[in-house]
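There are 2 protein chains.
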Amino acid sequence: MSATSDLTLYSYFRSSAAFRVRIALNLKGLRADMRFVHLLKGGGAQHADDYKKLNPLQLVPTLIAGGQTIGQSLAILEYLEEQVPEPPLLPRDVLARARVRQLALSVACDIHPLNNLRVLRYLKNELQAEDQARTDWQHHWMKLGFEAQETLLAHDPATGLFCHGDTPTLADICLVPQMFNARRVQLDLAPYPTLLRIEEAAYRLPAFAAARPENQPDAE
Amino acid sequence: MSATSDLTLYSYFRSSAAFRVRIALNLKGLRADMRFVHLLKGGGAQHADDYKKLNPLQLVPTLIAGGQTIGQSLAILEYLEEQVPEPPLLPRDVLARARVRQLALSVACDIHPLNNLRVLRYLKNELQAEDQARTDWQHHWMKLGFEAQETLLAHDPATGLFCHGDTPTLADICLVPQMFNARRVQLDLAPYPTLLRIEEAAYRLPAFAAARPENQPDAE
Chain A
1 MSATSDLTLY SYFRSSAAFR VRIALNLKGL RADMRFVHLL KGGGAQHADD
51 YKKLNPLQLV PTLIAGGQTI GQSLAILEYL EEQVPEPPLL PRDVLARARV
101 RQLALSVACD IHPLNNLRVL RYLKNELQAE DQARTDWQHH WMKLGFEAQE
151 TLLAHDPATG LFCHGDTPTL ADICLVPQMF NARRVQLDLA PYPTLLRIEE
201 AAYRLPAFAA ARPENQPDAE
Chain B
1 MSATSDLTLY SYFRSSAAFR VRIALNLKGL RADMRFVHLL KGGGAQHADD
51 YKKLNPLQLV PTLIAGGQTI GQSLAILEYL EEQVPEPPLL PRDVLARARV
101 RQLALSVACD IHPLNNLRVL RYLKNELQAE DQARTDWQHH WMKLGFEAQE
151 TLLAHDPATG LFCHGDTPTL ADICLVPQMF NARRVQLDLA PYPTLLRIEE
201 AAYRLPAFAA ARPENQPDAE
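Chains A and B, in that order, are what the protein sequence lines are. Once you know that position 58 of the first sequence is 58 in the numbering used here, the rest is easy, because the numbers rise by one and skip nothing. Once you know that position 140 of the second sequence is 140 in the numbering used here, the rest is easy, because the numbers rise by one and skip nothing.
The reader is advised that the hints may include incorrect statements.
It does not matter which identical chain is meant; a pair holds if it fits inside one copy or across any two.
Distance condition first, Cα-Cα at most 27 Å in a straight line; then the derived DSSO-like pairs of lysine-lysine [claimed, not checked]:
{"#": "1", "residue 1": "Lys41", "residue 2": "Lys28"}
{"#": "2", "residue 1": "Lys28", "residue 2": "Lys124"}
{"#": "3", "residue 1": "Lys143", "residue 2": "Lys28"}
{"#": "4", "residue 1": "Lys52", "residue 2": "Lys41"}
{"#": "5", "residue 1": "Lys41", "residue 2": "Lys124"}
{"#": "6", "residue 1": "Lys143", "residue 2": "Lys52"}
{"#": "7", "residue 1": "Lys143", "residue 2": "Lys124"}
{"#": "8", "residue 1": "Lys53", "residue 2": "Lys143"}
It is worth saying that the hints were derived from the structure and are not from the lab.
If we strip away everything but chain A, and leave its shape as in the complex, we get (with noise of 0.2 Å):
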């Protein structure tokens, strides 16, 4: 599992869900190989033919692994996790379980797919989305979803260093690349300052600030 050849993950710098992968990779030292999917050239290398036949849906990331093609981040995640269980990812208690995954699904299934690419082009080429509307877009759904975590995460005496006592787990791995999404379009964080506590020591540790888009051979 640890030899290259194992892995291959199909990738774009900016991706937050890549993102969140490329975290998850670190954190259990593992390396795969790189491949560069890019979104955005040529109407966007995603729906290309090759790419089309190994993930359906048109998305990165891509994984595969023991010879299986496995799409969605959070599948990556838990298969990673079942598959090379050290350092761990999720806890060992079944309700503390639920309570890290039930964050890190309020950024997988509440903010991200709502602002994610394919999304924002609906928006200016069928609804005829002004810039401005799709900003506020944005915000809106972050904001919501940032709101909610806040919440859970400041009046909750299981928040440690991390959203989840003192090591990353899978909330913070969707939490991170989503703050970095949020800063790109410019969302004012200062009311979220457990969140801004929680990146910031996420940050802090190699295996996040490797993962960020400006440091992957296809930024730009």
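Following the hints, position chain B against chain A.
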């Protein structure tokens, strides 16, 4: 765990995310105290202070289990699977589990979040999208998702009577409610014969049939 008092589910009959949890509870033979959150009346009971305290994301479902509040339907499903392993809703093999989770998440992340009530309201109220434009929007994301699912399922020998093998998994639990939603907006499902075949098999099980929106106490 099987005592009624151990689990409380906040549900709305038409919520497809709550529908998923109802199916899982039925498959596991679990009973929950049911509380009904009317998403439309008076602007939506999900935004009431009491409910917002339980679930800051102001979405259904929410499960109370072991004194802890769990939002996010997939976090609930994974919790139920870990807490009550039989009958299993995920296969044993790690790569097979990844396949099932990919299918489940492709509904939960890439179809459903774009078509839920809060998004349709935003399209109408903030973007002034007309009825037809909102229907087109819903059809668009459902078609993309169902086409991908059909491709993934139709060409994989791992597909059986259900999405994975001959017993229901998280993949079917997510797929069937999404198809219910698609019918509500008159999406033509004929292009997805494998999905239709699986849906038919699912509704032959009382666990799926009893969880249908029209069979809920709060159905209108």
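Status of each hint after checking the structure:
1. For a Cα distance limit of 27 Å, the shortest separation of Lys41 from Lys28 qualifies neither inside one copy, at 32 Å, nor across copies, at 47 Å.
2. For a Cα distance limit of 27 Å, the shortest separation of Lys28 from Lys124 qualifies neither inside one copy, at 39 Å, nor across copies, at 45 Å.
3. Taking the closest pair of Cα atoms, Lys143 and Lys28 never come within 27 Å of each other, the shortest separation being 31 Å inside a single copy and 36 Å across copies.
4. Within a single copy, Lys52 and Lys41 get their C-alpha atoms as close as 16 Å, which meets the 27 Å cut-off; across copies the closest is 43 Å, which misses it.
5. Taking CA atoms no more than 27 Å apart as the test, Lys41 paired with Lys124 passes inside one copy only; the shortest distance there is 18 Å, against 32 Å between copies.
6. Within a single copy, Lys143 and Lys52 get their C-alpha atoms only as close as 33 Å, which misses the 27 Å cut-off; across copies the closest is 15 Å, which meets it.
7. Taking the shortest alpha-carbon separations for Lys143 and Lys124, both the intra-copy value of 21 Å and the inter-copy value of 19 Å come in at or below 27 Å.
8. When the C-alpha separation of Lys53 and Lys143 is checked against a cutoff of 27 Å, the pair qualifies only between copies, where the shortest distance is 17 Å, while the shortest distance within a copy is 36 Å.
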